[in-house]
Structure formats: C-alpha cells, structure tokens
Amino acid sequence: MTQTRSQHTPVSEIRVRTYNKREAIAGYLFISPWIIGFLVFTAGAMGYSLAISMSDYNLATGEIAPTGFDNYAGLFEDPKVALSLGNTLFYAILAVPFEIAFALLLAFVLNRVGRGAGFFRTVFYLPRMTPTVATAAMFLLLLNGNTGAINQFLRIFGIEGPQWLIDPDWVKPSIVLMTLWGVAGTMVIFLAALKNVPVELYEVSALDGAGPVRQFFSITVPMISGAIFFNVIVLTIAALQVFDQAYLLFWRDQTNASPESSLFYGVYLFQQAFRQFNFGFAAAMAWLLFVIILLITLVQVKVSNRFVYYEGDNR
Amino acid sequence: MSASTGTTTGRGPGEIDGARPDGGGVSLDSGPLATLPPEFDAELSERQAGPASAERRFAGDRRYRTRRRVLKGVLWVLLAGFSALFLYPFVWLVSASLKPRGEVFDNRLIPNTILPGNYAEVWNQLPLFSWIFNSLVIALLAAAFVAISSSLVAFGFAYFRFPGRGLLFGLVLATMMLPGAVTMVPQYLIWKNLGLLGTSLPLFAANLFGSAFYIFLQRQFFLGLPKELFEAARLDGASYFGLFRRIALPLSIPSFVIIFLFEFQASWNNLQGALIYLNAGSVEGFTVPLGISYAMTTFSPTNGGHGDYQYVMVASVIVTIPMLILFAFGQRYFIEGVATQARKG
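Heads up: the protein sequence lines correspond to chains A and B, in order.
Going by this note's numbering, the residue at position 71 of the first sequence is 71; the numbering climbs one at a time, nothing skipped.
Going by this note's numbering, the residue at position 51 of the second sequence is 51; the numbering climbs one at a time, nothing skipped.
Hints listed in this document are in silico derivations from the structure and should not be mistaken for laboratory results.
There could be a bad hint or two in this list.
[Claimed, not checked] Among chain A residues calculated to face chain B with C-beta under 10 angstroms, some are:
1. E23
2. M46
3. L59
4. T61
5. P79
6. V81
7. G116
8. P131
9. A137
10. G145
11. W181
12. F216
13. F217
14. V221
15. M223
16. Q276
Quick reminder that beta carbons are idealized off the backbone N, C-alpha and C, glycines included.
In isolation and in its complexed conformation, chain B is listed as follows (with noise of 0.2 angstroms):
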C-alpha cells in the first residue's frame, strides 16, 4: 500500500482535465477546500522547510536568542495550560465515573471511594450494549456507503468527459450549502411514505447517493493521480469500471479512509436523525447519541430522575473509547502515507 501511495498527491486540482476549460470548470484550488487534508500539507512542508530556519541564521545575535529562549518559555508556559485545559475534563469524567452516587458531584480527581464495580453495572442499568451495537451497524454501513458512492461519483467526474459536467459538478457543490433543517421534514415524509419510518435505514441509506463533500475530495484526489496509469490500462484492454476498480480505488484508499473515519464519527455522533427516526420506539433501539440523552434525563439528579448520575459518566467514558481508537488508528494512516509522499517529494 504504502509504495503505491508514494506515486500520488492529495492535492493538484488541476493535473488530468482542470487545465482544459471546457467542463471541470469549477476552480476551488485556492481557499477553502484545498486545505482539506490538512494533515498531508502540514508534515509535508514542516519538512521540507524546518520552522527554526530563519531562527538558526540569527542565533549569533546574542540579544536575539534571550529574546528567543524568553519565548520558548511562554511558549512551553501556554502549552502546558491549554494541555491541562484539553485533558482536565478527561480526568474528571473518567474520575468521576468511578464514584458512588453521592460523590459524583465532588470535583476530586482522586475518589474518596473508587467503585470500578460502576463499569460492571452499568450494562444492568442501561441497555448499553443494544446502543453500541446499533450505532456500530449504522456507523459501518453509513461509512461504507458513503465511501464507495461518493468515490464512483468522483471518478465519474474526475476522469470522464461528458456534456453538462461543469454544470453538474458546479451542482454538487451547491448542495453543500445548503442548510439540513430544509430537507429535514421532507426527508422525514419520504421515509413515512416509503413506511420505513420505524427502521434504521433513514440514518444510512440516503449515502448509498453520495455525499458532496466527499466527493468533492475524491474527485481532487483523482485528478492527482498520473494519467499514464489510465492510459495503460485502457490499451490493455480494461473496462471503464475495470480502471475505477484496479487501479483509481485502490491508489486513493488514503483519501478513502479519511471518508470512512469522518463518516463514521458523524454517524457515531448523530444526535438529531435518532431523535427523528428513533425516538418513538423501544429503548434498546436507541443510538448512543439518542441513549445517553436519555440516560442524562433518566438519571438526572434533579426533575425525578433516580440521580444515578456516576452511570452515565460511565457510559459517556464507554462511548468515547471507540472514537479513540478510531483516532489512533487514523491518525498512524495519515502520518504513514505522508510519509510515503515526503519520501518521494
């Protein structure tokens, strides 16, 4: 993986067909989009051209390096705090979802009393597990979806030439300006008509179509990918599917990821769509999202909740774990294929 990654850029809006003014028409090289990836740009240029370079030239100047060494301190003086500001809640949650009932309140981060027993009850308490399985299902297929039908978008758009392409893609992008709240009811009235209205399915089908953004990113990585490949491949007798599927999908699998990981944390997140689709039925039907809402109203110290607060720290300390993972996972992949592209670079 990691030696073909080394033959494209996530970047380059206009290496195959934006130079030809004729439909991909749609320039958004500069501003917003182009920092998408941000993560390719930063490693790559930090090391290219070392941060303390100009520094170093004038390290001689004794003035200059007090002045230098002064701002070191503050520096590492605010990066320390703004650590502690990050991490400080962290501690607390993980803390106080180790409390009894009556200390959950109590700012310690050392519990006078350390029940790890909450961890074990608090499946009994809540139908936790229904939760997490129901929000995995819909994040995986959410992600999928998203990832394979945005990326044949993409490649439709990146590598074809067909009449109304300018105007379709100019299309997709629109669509991301566009506001939730409008298609909102509608989608909800489709979904009633379709009588699909107790299911799952209206939290993920819908990206079985696509998803502007994401398309808009793939299509920016295809449009790196050198053409040579294309072209090879077509004198040797592969189908248009057969180029997506050989060698367009498996050399953008970076960007691919970077989909699937937004998607499934968005999906992971989806506090609104549970609400709509799945308020009204059963409890262990709920999402994460959806569950520990409930579970902060249930157990809500205040309002004739049972006050058992501890166990929705503990949930929220559950539920958070996978993001995690997910993080330490994504974050290696990203680090990985820039390295491949400095190395190359």
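With the rest of the complex left out, here is chain A (with noise of 0.2 angstroms):
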C-alpha cells in the first residue's frame, strides 16, 4: 500500500524528499548493470587512459612509466597530428552543409508527394542499410578516375572528372560523396520534423501571398530548426571521428602509399595505437579529440540558442 501511494505523490507533497526504502534499493538494482558499466568501460577507462597519456606503455611486459605531459608535447612535435587534425575539420566543413542539404532536400520532396512517399522512403533509405564494407568496395570501383562510373556519367555532358581517389585535393570530396549516398538517416529525422510543421501557417502565409521559396525560409526552416540543429551536431561529431570509410578506401593496405590529404585524425590514431603500438600517444591524441569535439559542441549549442525554435518556448 505505501509503495503504491509513493510512486505517484501529488506534484504539491514533493518538496519533502522522502524515499522508500525498498524502492530506492529495487530502483539501484535495475540500474545496476549500467552503475557497473560505466564504473569499468567508461570511468574506469577514463581514468585509465589519463594515466596511460602520461606515460609510455610498453606492450611486452605491460609495464607503465610515467612521462607527465610528454605524450601531450609530442601532440605538437608531430607533424602529422597537425596534418591529420586540419584533414578532418576540412573534411567535417566540406561534409556536414552537403549532407544537411541534401537531406533536407530529400525530406522536402518526400514530404510534398504523398501518395508513393513511403515506397521513396524506403528507396532512399537502402543505401543506410548497405554494410560500409559492402559501399566502400563498390565507390572503390565507382570512384576509379579513369573506369569508374561516375567519371563515365561526367563524360556525357563532357566533363573530364577527377582522379577521386588519387588526386589529394578530390580525396575528401569522394568520401562526402559515399556519405551522401547514405544520407538517409538524417533525411528521416527532417522527414518527422516536416511533418510536424502546422499546416495552418502555410494556408495563411499563403492567403498573404507568400510563394514557395519564401515559405520554405520563413515557415518551414524556423519550424525544423531543432532537427537542423540536432543534425548539425551528430554529423559534425560523426565527421570528427570518421574512420571507416577512410581506413576502407585508403589505410586497408599497408603496402600502399596513400595521398597524405586522406590521413584522418581517426585513421592516425588508429596506426599509433593499433600498428605502432604507442598506445600513451594515442591516448593522448584522443584527449585531445575530446577537447576538440566538446568545444566546437559548445560553439555550436551557443550559436544554435538564437536561431533555434523550440515548440513551447516563450522566452
């Protein structure tokens, strides 16, 4: 009878924090396999790695010895970290307005068919489903400069295309490109936000004249403001952590030299600490990814607070 009476106090009885016994100990119960979780895989492992930064691990005996900061000085000794690092935010800037547009335009679209919109959706949205491994080998071939297919289809209308794969200055945007292949998953994320956009303010903007265009600006990108947001930033995190397709396309083979430009931070990180075995520098590259992603996240939630709507708010 307690119990029951507990879980559901009135809104106005709160002020007085009481906690029944029994519950609180099922409640940490549930909870507990995340407790444990989070103390070994994610605390424990922070801690760890902070240690691990600050000194040199040798991999034979498992031996650590403390180094300080020298992992962290060497962060700006090392050319390539640099390089890797300018890479990957090239590479995030270049990607992340692609792959906002285009899957804005492909939520716009599908929102204005109607009937046939779930068929489109689930068309677009086969590429999400592909394994990366299955997309990589296919644009391996599909990017090739001289056979590749998408070179082929340039040619029609006469244009020479690039060496993707080969050319440093086109290696970023093949990747945007196999990225924007399976873009749907931000597209779906649009999708619902359009559709949650009230039909009442195109009906009266309308009665005001207002054309398309100027709809889409005024009505509907401040209504999906949020979703644009929420999308910026996992993309820009997703972009600043890419590996896959870079590893897949260029890193797999060890024998072959790659163009430096397809060097990501992800990708270097890796080597360092899955090749080289240098595991304290590449604990401290990650450290410093962290600081990176958590300060552009800040910037961007900064930004975002002017220009974001969110429903129900007055301020």
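Reassemble the complex: the two chains are provided individually, in unrelated frames, and hints are given to aid placement.
This is the structure:
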C-alpha cells in the first residue's frame, strides 16, 4: 500500500523528499548493470586512459613508466597530428553542409509527394542499410578516375572528372559522395520534423501571398530548426571521428602509399595505437580530440540558442 | 501484440514522473531525441492532417492549379532522379558480381558474359561462410544483450524513486558525448589484462551493461505507459521484477525491437572493433566487415592482389542481403505499431 502511494506523490508534496527504502534499493538494483559498466568501461577506462596518456606503455611487459606531459607535448611536435587534424576539420566543414542540404532536400520532396512517399522513403533508405564495407568496395570502383562509372557519367556532358582517389584535392569530396549516398538517416529525422509543422501556417501565409520559396525560408526552416540543429551537431561529431570510409578506401592496404590528404585524425590515432602500439601517444591524441569535439559542440550550442525555435518555448 | 501496443505512445516524457521536479530532472523533451522514433510521428501525422488539405482549399484558383501541376512535375522528376541515384550502385553491384574477371571494371549494367557461377565459387575463394557465421553470432548476442540490459536500466530510471536518480541519469546522457576514441585504448588494455584478447568477447560483452542512447530511448517509452497498469499489478502482489517482466517489457516490444535492430546493424558494420580485436587472429575468425576489407586487399588488381575483384562484389551482395531482410522486417514492424497507435489516437 505504502509503495503504491509513494509512486505517485502529488506534485504539491514533493518538497519533502522521502524515499521508500525498498523502492530505492530495487531502483539501484535495476540500474546496477549500467553502474558497473560505467565504473569499468567508462569512468575506469577514462582514468586508465588519462594515466596511459601520461606515461610510456610497454606492450610486451605491460609496464607503465610515467612521463608526465611528454605525450601531449609530442602531439605538437608530430606534424602528422596537425596534418590529420586539419584534414579532419576540412572534411567536417565540407561534409556537414552538403549532408544537411541534401537530406533536407530529400525530406522536403518526400514530404510533398503524398501517395508513394513510403515507397520512395524505402528506396532512399536502402543505402543506409548497406554495410559500410560493401559501400566502400563499390565506391572504390565507381570513383575510379579512368574506368569508374561516376567519371563515365560526367563524360556524357563532356566533363573530364577528377582522379577521385588519387588526386589529393579530391580525396575528401570522394568520401563526402560516399557519405551522401547513405544520408537517409538524417533525412528521416528531417521528414519527421517536417510532418510536425502545422499546416495552418502554410495556409495563412499562402493567403498573404507567400510563394513556396518564401514559405520554405520563413516557415519551414524556422519550424524545423531544432532538427537542423540536432543533425548539425550529430553529423559534425561523426565527421570528426570519421574512420571506416577513410580506412577502407585509403589505409586498408599497408603496402600502398595513399595521399597525405586522406590521413584523418581517427585513422592516424588508430595507426598510432594498433599499428605502432604507441598507446600513450594515442591516448593523448584521443583526449585532444575529446576537447576539440567538446569545444566545437559548445560553440554550436551557443550559436544555436539564438536561432533554434523549440515548441512551447516562450523566451 | 498489436492490441497491447495500442495503449502506448512512443513519446511523452513527462507522463509518469517527468512532471515531478525531484529527479526525472533532465528534460530533453524538445530537440534531438524527441524525434527519435521518427516513423511513429511521421506516419501518425500523415494520417491526421493530410498534407494536401491546404492546397485543396485553394483548388478553385486556376493559376494556383497550374502552378501546382508544374510543382508536382518537378517533384516527380526529382524523385525519379534521386531514386536512380540511390538505386544505380545496387544494380551496378549485382551486375559486377556476375561478371568474369576481365569485365568487372566495365560499367555495363547488363554484363557481356553472365557468370552466375561466381556465387558458387566465392565460397571456395573466401571463408565467407565462417565470416557470416561469426558476424551473425556476435550481432545476435550484442543486440540481445544491449536490448535487455538497457531495458532493465531504463525501467530503473523510469519507475523507481531513489536518491541521486537525476544525477545518475544525467551521467548516462553525458556518456553519449564521449568519443569512442577516448575509451578505445584503455578498453583494449582491459580486455588484454583479462586475458581475453584472442576472443570475440570484446565485441559484444560490454553490451551487457546497457548503452546510454538505448537507455534513454527505452526510458521515454516506459514513461509513456499508463501508471494504472503498474498500480493494479502491485495490488495483485506483483514483485518489482514482475512489473518489469510482465508489464513493462511486453508493452515496450516496439522500442525493444528498434534497439535490437539498431544494434544488430551497428554490430554487423563494426569494422574498427574487429580490426582491433580480431585482425591478429586467423582469417576464418574474421567478421564480415574485416573479412571483406581483407578481400578488397587480396583481390585488388593493383599492389600484388589476385585481381579477382568479382568475388569482392559477390561477397558484398551476399552480406548486404541480411540487412535488407532486416529492413523489410523492421519497416513492416514500425508501420504496424504506428497503425495501431493511430487507430487509438
């Protein structure tokens, strides 16, 4: 009896915090898997990582020799850290706007179709279901500068396409293309947001003589700004950690020399950790990445506070 | 199943106790995550407010009608173009997988020589069967573990009141911000210290402890369940675990399935984990992503590979098929769940 009552304390009584002991214990028991996992694989691992980043880890003996901030100082001495960081930031700046724009366009079109939208949504979503390795195996040939289908298609219009996978300047656009093919996840989020825009807004603005373009920028974009913001943040974080595509297209074959412009931060970190076994250096790299992601996200949140409209927000 | 899901809604963060300021505290009801099961919202509002209702009202206006027709035309052209863009690589892939060695690199959609035998030969060329088997076992375990553990934890956060609940749940959400790279090295060393490096255990065992995003998702779902159900069961003498096992879990099957499918796909795609934990072992012990990555190098026409790239194409088709089956299954499931919701609302 007492338990049931405590479940549903009226809001007015909440000031007094009383916890039912049995209920509290049961609650802790239910969340105990997460607590254990957090202590070992998150908090524990973070502490471990911090310790490793300030030491020289010998893989063979398992010995850890403290070295202070040497690894962090090393980040600034190794030109490849700056190079890979620059590549990664450049890629993010290139990829995210394209992904947002393309996903938004797809969602907008799907939202307007009415009948048949389900079918096309399925079609657009299929690439998202394709395993990344399979996508990479395909795009390795599709992007081939001489025989690839993409350049062959461009030749129809008399355009001689670039050497996508060889020319250092076209490495990042190659990966962007691959990413755009699987952009449907972002699209689905936009689609859901578009469905929530009240139809009346369009009706009223149409009476006021607003055309589709005007409606798009004055109604649609502000109304889905929350979804745009969410996607920008998620895609930026993903872009800063890009690994699979870069590894599969450029760094899979260790005997093969790939253009330096394809060395992304995630790839270099992986090489340092699991090819060179410089665990200390790799851990320091990881912490630098964490700080950078945190800073970028913080800036994005600050900026978005001015522009994002949330339903029920009366500030 | 459909009858029971009818009583639930995928969202509604504040329904059982989000309204109480004591701890549910971290409110994220706007913005990112509210959009999460997008299928729910999308289908629902499509039914409630047909998108065309605005246009219909103005249908009398002739100029409006022509403009609408032009717009529709542009729309369908775009749709056709995009569909071609998204489908072309699939058609190209299937076609390349049927070509003999010398023709893989031509871009004909209908091969000059069709070799269905590639699909028989690939099993001799690559240990594809054992890759698929390994990936399947790992993905099933990873998905089942994370779905069950995340549900348990989510129920703890959704139903019970205990000191520090708000803080701990904030911590759950905070871990989503942590890039995988930070814990990649130490986790490797943890598994090394446990003496489990040669095994595939590291690829799924950590899933026994729940995953932040799924915990969040499942908690939202639980919060939307009508509290009377739990009250009644308590009066009937159900234990706390009974509430979870007999009420919360069966009712949350839609979101449980979402978690399962998401994680299955993530595991099926997990290249980096396999590179870290399995690359040193035998080729037979590889998973699908690691195996195909290996095959891409072995059969690469440059750099000393055999150049039989058609087998990479065949393998790519074969490992994509399970995902497409999953999608067919998953999509139907989503729509079914949404349909029962819509009927109720």
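Hint check results:
1. For E23(A), the shortest C-beta to C-beta distance to chain B is roughly 5 angstroms, which falls under 10 angstroms, so the interface hint holds.
2. The interface hint given for M46(A) is met, as the beta carbon of that residue sits about 6 angstroms from the closest beta carbon of chain B, less than 10 angstroms.
3. The interface hint given for L59(A) holds, since its Cβ lies 9 angstroms from the closest Cβ of chain B, which is under the 10 angstroms cut-off.
4. A distance limit of 10 angstroms between C-beta atoms decides the matter here; for T61(A) the minimum to chain B is near 12 angstroms, and the interface restraint is violated.
5. Using the Cβ-Cβ criterion of 10 angstroms, the hint placing P79(A) at the interface with chain B is not satisfied: the shortest such distance is roughly 20 angstroms.
6. Interface restraint check: V81(A) against chain B, minimum CB-CB distance 13 angstroms, threshold 10 angstroms, status violated.
7. Evaluation of the G116(A) hint against chain B yields a held restraint, the C-beta minimum of about 8 angstroms falling below 10 angstroms.
8. The closest approach between the C-beta of P131(A) and any C-beta of chain B is roughly 5 angstroms, which is under the 10 angstroms cut-off, so the hint is satisfied.
9. Using the Cβ-Cβ criterion of 10 angstroms, the hint placing A137(A) at the interface with chain B is satisfied: the shortest such distance is roughly 5 angstroms.
10. The closest approach between the C-beta of G145(A) and any C-beta of chain B is roughly 12 angstroms, which is over the 10 angstroms cut-off, so the hint fails.
11. Hint status for W181(A) relative to chain B: holds, with the closest Cβ pair at about 7 angstroms, below 10 angstroms.
12. Interface restraint check for F216(A): the shortest CB-CB distance to chain B comes to about 12 angstroms, outside 10 angstroms, so the restraint is violated.
13. Interface hint at F217(A): violated, since its Cβ lies 17 angstroms from the closest Cβ of chain B, which is beyond the 10 angstroms cut-off.
14. Below 10 angstroms, beta-carbon pairs count as interface contacts, and V221(A) has none with chain B, the closest being about 16 angstroms; its hint is therefore violated.
15. Against a cut-off of 10 angstroms between C-beta atoms, the interface hint on M223(A) is violated, since the closest Cβ of chain B lies about 13 angstroms away.
16. The interface hint given for Q276(A) is violated, since its Cβ lies 12 angstroms from the closest Cβ of chain B, which is over the 10 angstroms cut-off.
In summary, the structure is inconsistent with hints 4, 5, 6, 10, 12, 13, 14, 15, 16 from the numbered list given earlier, while agreeing with the others.
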